[in-house]
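Just so you know, the sequences run in chain order Z and D.
When we follow our numbering, the leftmost residue of the first sequence carries the number 5, and every step to the right adds one.
When we follow our numbering, the leftmost residue of the second sequence carries the number 312, and every step to the right adds one.
Honestly, the hints are just simulated from the structure, not real lab data.
Heads up, some of the hints might be wrong.
Residues of chain Z clear of chain D, computed beta-carbon distances all greater than 12 Å [what the hints assert, rightly or not]: (1) G128; (2) W246; (3) L253; (4) S255.
Pair ranges (Cβ atoms, derived) [what the hints assert, rightly or not]: (5) K200/Z / P407/D: 21 to 31 Å; (6) D404/D / L161/Z: 31 to 41 Å; (7) T268/Z / P387/D: 29 to 39 Å; (8) Y233/Z / D404/D: 39 to 49 Å; (9) L161/Z / F454/D: 31 to 41 Å; (10) D309/Z / L458/D: 54 to 64 Å; (11) D404/D / T204/Z: 46 to 56 Å; (12) P387/D / A245/Z: 52 to 62 Å; (13) P387/D / S285/Z: 34 to 44 Å; (14) G55/Z / F454/D: 52 to 62 Å.
We put the beta carbon where it would ideally sit given N, CA and C, even for glycine.
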Amino acid sequence: MVDYFSPFDATVVTLLRDAGAIITGKTNMDEFAMGSTSTNNLVSVVNPHRGKEGEELSAGGSSGGSAAAVAAGLAWGYYLLFLIPSYILSLLFLFCSLGCLFFGVNRCASNGVHGRAIGTDTGGSVRLPASYCGIIGFKPTYGLLSRYGIISYAHSLDTVGLFTRTIPDTISLFRTSLSVSPSPSNRIDILNKHDKHDPTSLSPALRNLFPRPRNQGSRSWTFGIPREYNLPSLHPSMTRAWSTAISKLRSSGNTVNTISLPRTREALSAYYVLATAEAASNLARYDGVRYGFTTADDDVGGYRDSVLAARNAGLGEEVRRRILLGNYTLSARLISFPTHSLFAVRWW
Amino acid sequence: MCVHLSFHFGSQIAAVFQSFNLMICTSRGAEFRPVDRRSATPTSTHHENNAYSMTRPSGLKRLPRFRSLHTASTDPYNAFLSQYPIPRSPLSDSKPDSPLYGKSIALKDNICTNDALPTTCASRTLESTSLPLNPLPLSPIPFPRLLCGVCLFVVHC
Numbered sequence: 005m006v007d008y009f010s011p012f013d014a015t016v017v018t019l020l021r022d023a024g025a026i027i028t029g030k031t032n033m034d035e036f037a038m039g040s041t042s043t044n045n046l047v048s049v050v051n052p053h054r055g056k057e058g059e060e061l062s063a064g065g066s067s068g069g070s071a072a073a074v075a076a077g078l079a080w081g082y083y084l085l086f087l088i089p090s091y092i093l094s095l096l097f098l099f100c101s102l103g104c105l106f107f108g109v110n111r112c113a114s115n116g117v118h119g120r121a122i123g124t125d126t127g128g129s130v131r132l133p134a135s136y137c138g139i140i141g142f143k144p145t146y147g148l149l150s151r152y153g154i155i156s157y158a159h160s161l162d163t164v165g166l167f168t169r170t171i172p173d174t175i176s177l178f179r180t181s182l183s184v185s186p187s188p189s190n191r192i193d194i195l196n197k198h199d200k201h202d203p204t205s206l207s208p209a210l211r212n213l214f215p216r217p218r219n220q221g222s223r224s225w226t227f228g229i230p231r232e233y234n235l236p237s238l239h240p241s242m243t244r245a246w247s248t249a250i251s252k253l254r255s256s257g258n259t260v261n262t263i264s265l266p267r268t269r270e271a272l273s274a275y276y277v278l279a280t281a282e283a284a285s286n287l288a289r290y291d292g293v294r295y296g297f298t299t300a301d302d303d304v305g306g307y308r309d310s311v312l313a314a315r316n317a318g319l320g321e322e323v324r325r326r327i328l329l330g331n332y333t334l335s336a337r338l339i340s341f342p343t344h345s346l347f348a349v350r351w352w
Numbered sequence: 312m313c314v315h316l317s318f319h320f321g322s323q324i325a326a327v328f329q330s331f332n333l334m335i336c337t338s339r340g341a342e343f344r345p346v347d348r349r350s351a352t353p354t355s356t357h358h359e360n361n362a363y364s365m366t367r368p369s370g371l372k373r374l375p376r377f378r379s380l381h382t383a384s385t386d387p388y389n390a391f392l393s394q395y396p397i398p399r400s401p402l403s404d405s406k407p408d409s410p411l412y413g414k415s416i417a418l419k420d421n422i423c424t425n426d427a428l429p430t431t432c433a434s435r436t437l438e439s440t441s442l443p444l445n446p447l448p449l450s451p452i453p454f455p456r457l458l459c460g461v462c463l464f465v466v467h468c
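With the sequences and hints as input, model every part of the structure.
What follows is the structure, given as structure tokens:
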């Protein structure tokens, strides 16, 4: 594991590269996407927007780095240039002219400012930072975007999400067919594709069942707004934005109905049970043997000691806490089975 | 000549780094040597001793030493864990008519890429991967190539 780099690109990355996009860097996040403030990591992400008194705010999480990069429009990192001594710079300079003559440098991307970033959303990890940083965050339905090549946190909840500054940018990332006539044959989807590597990716047959916008603006849609989402604790500005959006939908000829999702209240609890349980089994591989950090003294004890040391040193506090919680969930039956049978025997 | 040089400066530098393809900034680049993981003790990286100990009033953790240069210039929000320093061009076989052609995209750190960017999930457990190559192009340019470069440079100007 000393020089471990991923041997393959994630499907999302392959699709982006095929479309001509340029990967600029990897953005900061909560460790293993566990958290919603981007502070459970080595260095916290700072929101590009300041508070009223100039104080630093959280960028949200766990894809906080992606959101901050888009919100701030960060360009490429040039700072290594300062570290290069001048004589090397002059050598480079000579070499540059060579490169310029032979390779045609004009292909260099001029658009260096980030307008787009990719994140992942398990329990709000795209939606929260986009909201905190004031940009567009789009979490597609589970199964639409391939998750092949994405380090998993909770399989049944992980999705890939998009950060952009404008809606057209989101559309251009997700699919490009809105301006062209969107018949199935000439639809050019960039990311919204079936991937045979990802077993949870929706099949093409299933995708064809989805309604598609035929002509922009001519078709009306029916929207359901869950009653339970209108929380009394919501900030007034949020409520205002919410009702503005609803009235805009109505005024543009769509139908807006109130629906009820009565289990919304339990959703968060269910999420923490499911996600931690899945995380406990997903992160079991980072034991310092198959993957992960290995401590220097791992040869002293046996396997158990080395795994203990590696996981204690390698994983952060929040990650360890969630793994522990998940293991309690997963082993709940182990506890209840003997106790229940004992109780049964006693009662009998 | 000077005007000409300054006009081309940015793109030329970019091209060189691109052809070398070995310059990467990492935010955890405090140590810029390949780390021997067997000998790396938990206390030897900035994981505990720097990043966690210094806190801001708002509770956000502050950056360790090396990043200050970086933060001042391009990334004041700690948004990136690793980043290419210089604009690159899109893949040669990609579609030029695509709306994404030439657009830069940042990826969350749990999305695997097989280029020189490490995938760490912001976790120490995957930090094994400091840098694949020496980040500074210190390898000497062979003399014939250097001579060629000088000649072409003179002709070019």
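Hint check results:
1. G128: holds (14 Å)
2. W246: holds (27 Å)
3. L253: Check passes; 26 Å lies beyond 12 Å.
4. S255: At roughly 29 Å from the nearest Cβ of chain D, S255/Z sits farther out than 12 Å, so the non-interface label holds.
5. K200/Z / P407/D: 21 to 31 Å: holds (27 Å)
6. D404/D / L161/Z: 31 to 41 Å: Given about 35 Å between the Cβ atoms, the range holds.
7. T268/Z / P387/D: 29 to 39 Å: holds (38 Å)
8. Y233/Z / D404/D: 39 to 49 Å: Once the Cβ atoms are compared, 45 Å apart, the range 39 to 49 Å for D404/D and Y233/Z holds.
9. L161/Z / F454/D: 31 to 41 Å: Given a distance of about 59 Å, which is not inside 31 to 41 Å, the answer is violated.
10. D309/Z / L458/D: 54 to 64 Å: Holds - the Cβ-Cβ distance for D309/Z and L458/D, about 59 Å, lies within 54 to 64 Å.
11. D404/D / T204/Z: 46 to 56 Å: Violated - the Cβ-Cβ distance for D404/D and T204/Z, about 29 Å, lies outside 46 to 56 Å.
12. P387/D / A245/Z: 52 to 62 Å: Roughly 28 Å apart at Cβ, these two residues miss the hinted range, so it is violated.
13. P387/D / S285/Z: 34 to 44 Å: holds (38 Å)
14. G55/Z / F454/D: 52 to 62 Å: holds (58 Å)
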